[in-house]
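Enquirer: Following the hints, complete the assembly by docking chain B onto the known chain A.
As you go down the protein sequences, you meet chains A and B in turn.
Residues in the first sequence are numbered from 831 upward in steps of one, following the numbering used here.
Residues in the second sequence are numbered from 45 upward in steps of one, following the numbering used here.
Source of the hints: derived by calculation from the structure; they are not laboratory data.
From the three backbone atoms N, C-alpha and C, an ideal C-beta is built for every residue, glycine too.
It cannot be assumed that every hint is accurate.
[Claimed, not checked] Output of the computed footprint for chain A on chain B, the stretches with three or more beta carbons under 8 Å from beta carbons of chain A: (1) 89 to 98; (2) 178 to 192; (3) 208 to 214; (4) 253 to 261; (5) 313 to 320.
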Amino acid sequence: MKLNKYLLATVACLSALSLTGCGKKTVKRNENELLICVYDGGYGTDWIDALAKDYEAKTGITVTWTADTSLLDRIEDQLNNVSDYDIYMSQDINWQNFAAQGLLANLDDLYDQDVEGVKFKDRLVPAAEEMSKAEDENGDMHYYKVCYTQGAGGIVYNIDMFEEHGWQVPTTYEELKTLCQTIINAHVDAGDRKTVVPFAWSGSDRQYYWDYLVFEWWAQLAGMETINKFRAFKGPDDGTYAKGYEVYNPTGVYKDFWTAYDMWYDLIAMNKSNSINGAYGTNLLTAQSAFANKEAAMIPYGQWAKHEIENAVNRKLDFDVAMMPTPKAKADSAQYNYMVGFGDSMIIPENTPNKKLAKDFIAYMATKEACKTFVEKAEGPFLAFDYSGVDLSSIEANDTYVKSIHDKLSNSTCFHLASQNPMTYFNVNKLMPWIENNYYYASACSKPEDNTSATLSTKIYNTAKNSWPVWMRNAGVN
Amino acid sequence: MENTIDKKEKRKRFIIKGTTIFIIVMLFYPVAHFLLMWFGVNINSILLTFKTPVRNKLEFLKFNELFYNYQTLFASLKLETTQKLFMASGVYFIISCFITLPIAMFFSYFIFKKISWNGFFKVIFFIPSILPLVVLTFIYKNSFDVSSGFIGVALGKMGVSTLDLFIGDNAQWMVWIFCIWAGIGYDVILLTSGMARIPRDILESCKMDGVKPMKEFFRIIIPLTWPTITTLFVLGMMSVFNVFMQPMFITQGQFNTMTIGLQIYQQSRGSGLQEPATLGLFCSLVGAPIIVLVRYLLNKKYEDVSF
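Excised from the complex, chain A in its bound form (with noise of 0.2 Å):
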């Protein structure tokens, strides 16, 4: 009886200890130290080295970084729990529902902070202050993240083969399936037997690069009223979510997405000369050497091309490089750019100490010179502040590729597929806008005669069809 006593209490303590890890905690920490996080990815370090170096010698806060692939693993337990840094800045932050849990620090008041003159929320690009908001536990709308990128994506090309072989920049799709067709009939000789063809891209690795290029074909065929229907996910007819997989109709708001796949399957999947050996098989690696030794003309890329291919290849290209703007899709079509990675987000844990310190260096990185270092030293992407103040000349002087992305992001109307639609965070990689996250790419390469438009549209529009009450369930919405 008594063993039976023991035993309860020490297992009644136990419990007790077991639960106690949940609940918010406040960590005391240096409050002349800023501690961040960084996705360690295509960007490099180098911009957060010396963003922080010289924020520290202008303010005298020690600040340290930290770059990691993993930090999506427990970003989770940090803000629950105790957090290790004071900002955090990464692609797929679940902040929507971080927010909501009461996890992140309230930003209102850096939105109206000043920076250089002009309110924070004024620097911003268009839409990155609407993307910023969410509903806090109370359900009331705050800002709770700053957006990291604006991003460009789209053809990168070798910009002295072009000139040497007197090869134009096509500004349509005609133009470009022209370039094409001119670039193999040259015969250029690339070494070891082999001749330049116009594409080195990997269908192993990353097959998703050829979105950037068919997302802004599909803007310039649709118009953004249809892709912000499309994002809606609501029934094109009724706007009700019940038939919101009705935006996967191929013959209703998601035809011109198959028409820009048609562009696309006839240049490349129709096409195996227009890609580097095996393409569509082959690693990212293989694909970036390709482009580095002058195998290929083009390659489907990021923002973070350049910087991403030279750390590959371990050398500097000695060709200069630039992003063109996509060919337009008609010749009367209006040029738009893809905000790749668009809702990546600089959040603040609400747990840290140095919640203040912390809104200032986010203030700090809007500032222009700030802006300015981020594209000097991540080679070509841009923070998602606006630039138009930006004097980027002496950059853009020596580098043709920063002024290419520069170009691209001034002179386009700029669109992204980031959403704040519950579907797409309560339903991860089920949507948005390949179904269940499969891409088609290479599959098409591999049998083109099994992944045409009017197979793969009824075969998503289908899934999304017997899927969508599911769907609609685990996102809570009616």
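Expert: Same frame as chain A, now just chain B:
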């Protein structure tokens, strides 16, 4: 006389007290481990299965809708994508228990008997067990690259293209082959350890009686290493729910290689945590009794032997 009885009584009490302390101390670690590592960790997952998103936040369901997430899960079982998910995961039971394990038993016996090339087999099978999975999958996938992979280039010279190996239906096979190759090493390590414990005199006696290797393998080695085999079989059954990194690194879960484990992992990085929690608990409730039953039946096959 009374003094002697008192002493005996005191001694008895002392022993009981000592026994009590001993039991508490011995039980402390396993109970603490269970409460902290199972109850503490999983209670939140169990509670999540009774929550639903309300304004971006997961809140408890009303009593009359308490099993809403389970109803959603059962509704999803009718979907082709979910059925494919369960099928793709179920294959790992066959792979682990009926392909990898028998092959591992066979090669473990080779290594145990120190046959020719046993050192070579050791290297081939042990290397996958000591390298991190991310490195291993990277090496595996890139070795089939047509331009730079040693297998891809070699097969290319023989006129065999490896281009489509990780695309479409082939992709499933490539993940399965990887799991067999990488899984054998782990099984071999445990089986060779189990075989090494078999007393030499039993084997010498068999040798003197003229028992042939095949008979020795099936009649002596297998029964004497049966507890290890049972453990590996049970672990193999659990791979239905555990395999997730292999398809994640090799195919990113595309081409019908998505498994229950990978789906739970991916979804748990999003907002809708109630969905992976419900799927996980459902799999545990279905899987655990089956695994316990199989273990019970396997244990009945041979009597436990201690040596």
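Enquirer: All hints, please: hold or fail.
Expert: Taking the hints in turn, this is what the structure says about them:
For a cut-off of 8 Å, the count of residues in the region 89 to 98 of chain B with a CB near a CB of chain A stands at 3, and the three-residue condition holds. Counting residues of the region 178 to 192 of chain B whose CB lies closer than 8 Å to any CB of chain A gives 6, so the stated coverage by that chain holds, three being the minimum. Residues of the region 208 to 214 of chain B lying with their CB closer than 8 Å to a CB of chain A number 5, which satisfies the three-residue condition for coverage. Proximity of the region 253 to 261 of chain B to chain A, defined as three or more residues with a beta carbon under 8 Å from a beta carbon of that chain, is not established by the 0 residues found.
Restraint check on the region 313 to 320 of chain B versus chain A: 6 residues with Cβ-Cβ distances below 8 Å, three needed, restraint holds.
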